[in-house]
Amino acid sequence: MAFVIVGATLQTSAFTVPHLIIGRLITGVGTGIKTSTVPMYQSELCDQRSRGRLVSAEVLFVGIGIVIAYWFDFGMSYVGGPIAWRLPIAAQIIFALVVVILVIGLPESPRWLYKHGKYEEAMETLCKVYDKESTDVYILAERDAIISALGPELENTESNSLLALFKEDNVKTRYRVLLAWWVMFMNQAGGINLVVYYAPSVLVQNIGMTPKLAQILAGFINLMFALGSIIPTLTLDRMGRRRTMIWGCAGLSISMLMVAVLLSRSDAPNGHACAIGAIAFLFIYMLIFGMTANCVPWVYVPEILPLLHWKAYLVFMATNAAFVPAFYFFFPETSNLRLEEIDLIFTRPGNPVQNAREMAMEIKRFGHIAENTGSGLEPAMVLKEESDEQCEHA
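FYI, in this note's numbering the residues of the sequence shown are 270 to 663.
Just so you know, not all the hints are guaranteed correct.
[Claimed, not checked] As a list, the in silico DSSO-like pairs of lysine-lysine whose alpha-carbon atoms are at most 27 Å apart:
(1) LYS384 <-> LYS397
(2) LYS401 <-> LYS384
(3) LYS303 <-> LYS384
(4) LYS436 <-> LYS384
(5) LYS397 <-> LYS387
(6) LYS387 <-> LYS401
(7) LYS397 <-> LYS303
(8) LYS441 <-> LYS481
(9) LYS303 <-> LYS387
(10) LYS633 <-> LYS401
[Claimed, not checked] Here are the in silico distance ranges between beta carbons for each label pair:
(11) VAL369 <-> ALA537: 54 to 64 Å
(12) GLN474 <-> ARG293: 20 to 30 Å
(13) PRO308 <-> LEU496: 13 to 23 Å
(14) THR479 <-> ALA537: 35 to 45 Å
(15) ALA338 <-> MET453: 16 to 26 Å
(16) MET453 <-> ILE499: 14 to 24 Å
(17) GLY636 <-> MET453: 26 to 36 Å
(18) GLU631 <-> GLY344: 26 to 36 Å
(19) ILE352 <-> THR479: 51 to 61 Å
(20) LEU366 <-> ARG534: 16 to 26 Å
(21) GLN623 <-> ALA591: 38 to 48 Å
(22) LEU447 <-> PRO618: 15 to 25 Å
Honestly, the hints are just simulated from the structure, not real lab data. Using N, Cα and C, we set each Cβ at its ideal position, and we do this for glycine too.
With the hints as extra help, turn the sequences into a complete structure.
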């Protein structure tokens with residue numbers, strides 16, 4: 270948040286373009302640190318049965334923030350003068366300061382504490398987060414699962430190096446990192462930034478609206494982003510990750526296809542009706558994206574739109590269509606699993622996607638995952654014994 274505050278201050282006080290760009294770069298660094306840290310922290314604190322929807326809540330507020338920022342900017346466009354852009358930029362400092370104040374009272378992740386040998390503090394955090402006693406079966410199971418997963422990591426002395434991200438070790442780190450990068454690419458290459466940031470330009474250049482009407486309508490299109498994000502915040506753990514992304518990407522692809530088809534008919538005798546239909550599918554696209562592939566947007570190839578006109582949407586149609594089989598064949602389901610249990614998806618012999626299906630069946634049939642053998646995830650007995658001593662002392 271310090272980067273965000275400093276960067277926003279520099280942008281607000283800018284009188285030259287380089288000054289503004291430097292401030293924006295610093296703010297971008299702070300935003301990147303925040304968006305990469307918060308979901309990980311949430312995941313390490315949440316129960317496996319509610320982790321999906323609770324982490325989705327953070328992305329929901331991204332959508333809410335986009336809507337607030339958009340309408341704030343729209344209102345300030347009537348003011349004129351430097352204050353019209355300086356005040357919206359400065360406003361983010363208020364939210365950053367609120368975050369700084371709230372973070373002061375947050376504990377460290379139990380997994381981080383165990384990794385750094387702070388067993389008593391880790392146990393205390395687990396008890397507070399789950400509101401249970403240190404002798405509770407659930408707390409003890411969480412503790413044992415964390416310690417067991419930390420064993421191979423602590424044995425690997427190279428685990429903290431950057432090159433370790435590309436090492437195909439016993440937990441398939443390289444494969445998992447590539448999956449993480451690929452899914453982020455999916456979320457960004459499907460045309461979301463085109464709609465979020467350039468919707469007014471799209472409505473003016475491709476549909477022929479007046480600038481003011483286009484700005485108002487684009488505000489309501491962005492509102493669908495936030496409304497769609499409510500659904501996974503409430504039900505993602507029941508919806509599942511794979512299924513949600515598969516049908517979501519399919520829906521996004523169909524939406525972009527219909528936008529392209531309808532815009533290609535904008536010069537026809539019924540062109541006005543086709544343009545209205547294209548707008549409707551932009552609304553549908555944003556609603557589906559909020560429900561499925563919602564993520565902090567980055568700008569994606571905005572330069573090609575003026576050159577390709579309606580054909581640009583076929584690019585995004587194709588990318589979303591390609592994501593459907595990719596998710597089906599390569600991305601295992603992780604709903605309702607402990608973070609430590611997710612390791613078993615990749616350490617068990619065989620295809621991770623099939624392993625995830627079998628684990629889901631084991632939980633449904635037996636209420637737990639069957640013992641895993643030969644995975645390299647044997648419990649770290651030394652850590653466990655030390656943790657047991659700390660627990661008994663407490």
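Which earlier hints turn out false for this structure, listed by number in ascending order? The structure conflicts with hints 8, 14, 18, 19, 20 and 21, although it agrees with all the remaining ones.
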